[in-house]
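Here are the chains, one letter per residue:
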Amino acid sequence: GAVVSQHPSWVICKSGTSVKIECRSLDFQATTMFWYRQFPKQSLMLMATSNEGSKATYEQGVEKDKFLINHASLTLSTLTVTSAHPEDSSFYICSAEGTGTDTQYFGPGTRLTVL
Amino acid sequence: KNEVEQSPQNLTAQEGEFITINCSYSVGISALHWLQQHPGGGIVSLFMLSSGKKKHGRLIATINIQEKHSSLHITASHPRDSAVYICAVLHYGGSQGNLIFGKGTKLSVKP
Numbered sequence: 005g006a007v008v009s010q011h012p013s014w015v016i017c018k019s020g021t022s023v024k025i026e027c028r029s030l031d032f033q034a035t036t037m038f039w040y041r042q043f044p045k046q047s048l049m050l051m052a053t054s055n056e057g058s059k060a061t062y063e064q065g066v067e068k069d070k071f072l073i074n075h076a077s078l079t080l081s082t083l084t085v086t087s088a089h090p091e092d093s094s095f096y097i098c099s100a101e102g103t104g105t106d107t108q109y110f111g112p113g114t115r116l117t118v119l
Numbered sequence: 027k028n029e030v031e032q033s034p035q036n037l038t039a040q041e042g043e044f045i046t047i048n049c050s051y052s053v054g055i056s057a058l059h060w061l062q063q064h065p066g067g068g069i070v071s072l073f074m075l076s077s078g079k080k081k082h083g084r085l086i087a088t089i090n091i092q093e094k095h096s097s098l099h100i101t102a103s104h105p106r107d108s109a110v111y112i113c114a115v116l117h118y119g120g121s122q123g124n125l126i127f128g129k130g131t132k133l134s135v136k137p
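Quick note, the sequences are listed as chains A and B, same order.
Adding 4 to a residue's 1-based position in the first sequence gives its number in this note's numbering.
Adding 26 to a residue's 1-based position in the second sequence gives its number in this note's numbering.
No wet-lab data here; the hints were simulated from the structure.
Just so you know, even glycine gets a beta-carbon here, dropped at the ideal spot from N, CA and C.
Do not rely on the hints blindly, as some may be mistaken.
To be verified - Listed below are the simulated DMTMM-like cross-link pairs for lysine to aspartate or glutamate, each with C-alpha atoms no more than 20 Å apart in a straight line:
(1) Lys18/A to Glu63/A
(2) Lys45/A to Asp107/B
(3) Lys45/A to Glu31/B
(4) Lys45/A to Glu41/B
What the hints assert, rightly or not - Chain A residues, not near chain B, derived (Cβ > 12 Å throughout):
(5) Ile16
(6) Lys59
(7) Phe71
(8) Thr79
(9) Thr86
(10) Pro90
(11) Ser94
What the hints assert, rightly or not - The following residues of chain B were derived to be distant from chain A, with all beta-carbon distances above 12 Å:
(12) Glu43
(13) Asn48
(14) Val53
(15) Thr101
(16) His104
(17) Ser108
Given only the sequences and the hints, what does the whole structure look like? Please build it.
Next up, the structure:
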């Protein structure tokens, strides 16, 4: 079956630094990738939709200059949390949609802790 | 009222018991996902359904489009099934990929 990986699986960083999270579709091409965030004991919330070769579409309330998304190829999207602050500490999850399908495959998630 | 409601919120079972988790939704959908989230947070896709029933090992998922309801069943439950189970619907007519998530059902299976 389709596999989506995320790297790193967890990261701890100091306040003010930037952190990059990678999302890869390992055995299929994904025109569209989605980035979600989950705060403790809350449901997943869509942050942005990333289409290969174009600018990401951000959901209301998500700062595009803080959460930089790049989808440079059909198998890789990156989320960079810039100037991270403790309130950015969360679980970040990506999913990828196979080209020509509406099936989403979820990555295992990345836990970010900002000190 | 949330567009996706799961019940129960918490469920404790003894090993070997048959478990049912329910998901009701109020919007038109093109697909429904069942996800499993382990204590460390990792998400695993269990099923994607648009009609009928699917089975994978001890897991069975059903959906009734007319009643806007889906169930996830676990047969012969085991402590390793302990996790949060999340129902998510793909709302047709909504923005691309905008899954609407339920709040999850926390399952604990005791040995």
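Hints broken by the structure, by number, lowest first? 1, 4, 11
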